[in-house]
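Q: So the chains spell out like this:
There are 2 protein chains.
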Amino acid sequence: MLKKLRDANNKGQHICVGLDTDIAKIPPHLAGLADPVYEFNRIIIDETINFAAAYKINLAFYECRGISGVESMMRTLEYLNGQTFTIGDGKRGDIGNTSDMYAKSMFEYFGFDSCTVAPYMGKDSIAPFFNYKERLTYVLALTSNPGSDDLQMKMTSGGKYIFEETIALTKELNFNRNAGLVFGATKSQILRESMAILSEFDLLLPGAGAQGAKIEDIVPIFTINNFNRYLINFSRSLLYCDSSVRFSEFIRAEIKKTDELIRNYI
Amino acid sequence: MLKKLRDANNKGQHICVGLDTDIAKIPPHLAGLADPVYEFNRIIIDETINFAAAYKINLAFYECRGISGVESMMRTLEYLNGQTFTIGDGKRGDIGNTSDMYAKSMFEYFGFDSCTVAPYMGKDSIAPFFNYKERLTYVLALTSNPGSDDLQMKMTSGGKYIFEETIALTKELNFNRNAGLVFGATKSQILRESMAILSEFDLLLPGAGAQGAKIEDIVPIFTINNFNRYLINFSRSLLYCDSSVRFSEFIRAEIKKTDELIRNYI
Chain C
1262 MLKKLRDANN KGQHICVGLD TDIAKIPPHL AGLADPVYEF NRIIIDETIN
1312 FAAAYKINLA FYECRGISGV ESMMRTLEYL NGQTFTIGDG KRGDIGNTSD
1362 MYAKSMFEYF GFDSCTVAPY MGKDSIAPFF NYKERLTYVL ALTSNPGSDD
1412 LQMKMTSGGK YIFEETIALT KELNFNRNAG LVFGATKSQI LRESMAILSE
1462 FDLLLPGAGA QGAKIEDIVP IFTINNFNRY LINFSRSLLY CDSSVRFSEF
1512 IRAEIKKTDE LIRNYI
Chain U
1262 MLKKLRDANN KGQHICVGLD TDIAKIPPHL AGLADPVYEF NRIIIDETIN
1312 FAAAYKINLA FYECRGISGV ESMMRTLEYL NGQTFTIGDG KRGDIGNTSD
1362 MYAKSMFEYF GFDSCTVAPY MGKDSIAPFF NYKERLTYVL ALTSNPGSDD
1412 LQMKMTSGGK YIFEETIALT KELNFNRNAG LVFGATKSQI LRESMAILSE
1462 FDLLLPGAGA QGAKIEDIVP IFTINNFNRY LINFSRSLLY CDSSVRFSEF
1512 IRAEIKKTDE LIRNYI
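Here the protein sequences line up with chains C and U, keeping their order. For the working numbering, count along the first sequence from 1 and bump the result up by 1261. For the working numbering, count along the second sequence from 1 and bump the result up by 1261.
Don't take every hint at face value.
Since the list gives no way to pick out one identical chain from another, each pair is judged satisfied if it fits inside one copy or across any two copies.
In silico lysine-lysine, DSS-like type, Cα no more than 27 Å apart, as pairs [stated by the list, open to error]:
hint, residue 1, residue 2
1, Lys1518, Lys1475
2, Lys1432, Lys1421
3, Lys1286, Lys1384
4, Lys1415, Lys1432
In short, the hints are calculated from the structure, not lab data.
Based on the provided sequences and hints, a complete structural model is requested.
A: Okay, structure coming up:
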């Protein structure tokens, strides 16, 4: 499972395609199909598969349509057919016996190669995910959104930020070497300063594209640190870069351009 | 929606029945039915409806069975038929545009009267839930599990615990007066000391029963503060108190006893 990600990263592939597929935003000519979300995802996958190191499915965008949304998600996973690394982005986390069930859902029922978890409830809430040795679990450390200031950037009386406390507790759970961290691409300065503690983890970086983070501010930090276990996520800026009947060509051009830009800085 | 909860609380009802229904733990004689989880829930509801102020559905226990699990959950909600206040316990939370979708799922698709959210990503990650003025959103403040020490009990350089920072940011979002907090029943000492800041919120208290919190340590705190907007959740200790063919009688006796014990301290 992890090998797919390692292989992609070792080939210089670092793009994660975020399938935050909003039925209200997909090109109108797909609207009449039986499962427009799946049909859209299928086209996105066809156009991006040569450049994508991973596909991240944002569960919220599927759950909001209930069972038919979950069906669109499952069809999309089936279409991917295990070729490319997948991330179930659900940011789950609860007391131990409940997180067991979430881990089962993500890794056994849906069969994601990895998932994202929220650490607010502490170690016993995220430990069940790490028990799946062949799967990668990304813990939210420092996120890309404005609200990351509200708790994550609070300084403790011990002189550490809360996101650093999160990294420390994730480190304690990393005995299977299957821990990742979510780290906002919008926080390049902090990323630069934190590479020493971050480098034992796989990194997933949201915040590029629609949220404003720039490749040229991020990739050189990894290159200079000789670190290649990272994914930069692109969702809205890629999926909705065009809505005409020829949108697939625009998406292919957009991901190719993004891949080239990343490679410029490796 | 909220009125159902107010009415129950005003009648002295404070039990939340947690439908953490584990297919592996339900009485064996139900196993052969078409939807054992739903059949079990239906019996639990029948036996508890006269005492329950709310039903809390723990989404993990349904999601782990994928689409058929979601169907069991929806049948259960349909059986409840809007009579009693419902809580969708999913502990969701993501960047704003994604939390919009989670809120839509919880409140529009499934139609829960309330839900739980995780605050790690800050204000913009939980604000979309509060936009549903007639629904109650419970933010995780101080949880009942051992991991609550890992981040929630970290002291900031400003002299506040992180859970207090969470309460402060929830307060800022409470302009529709529809904010609740999750506060572990296992933390009775801190609950006692925090009542001044907690009393503007509805409280949901997990941790009684299997996790060890005692009614006699909790309810007197509310009584002394003349506060009645609270729910004490019971899941495992109630659902699995017996597994014989006569389990329904034991469940009825158990909830009746629990209700009487609470009323002793009101």
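Q: Indicate, hint by hint, whether the structure satisfies it.
A: Hints versus structure:
Proximity of lysine 1518 to lysine 1475 under the C-alpha cut-off of 27 Å is restricted to the intra-copy arrangement: shortest distance 13 Å within a copy versus 61 Å between copies. In this assembly of identical chains, the alpha carbons of lysine 1432 and lysine 1421 lie at most 27 Å apart whether taken from the same copy (15 Å) or from different copies (25 Å). Taking the shortest Cα distances, lysine 1286 and lysine 1384 sit within 27 Å of each other only across copies (25 Å), while inside one copy they are farther apart (38 Å). For the identical chains of this complex, lysine 1415 and lysine 1432 are neighbours both inside a copy (20 Å) and across copies (17 Å), given an alpha-carbon limit of 27 Å.
This entry satisfies every hint, going by the numbered hints stated previously.
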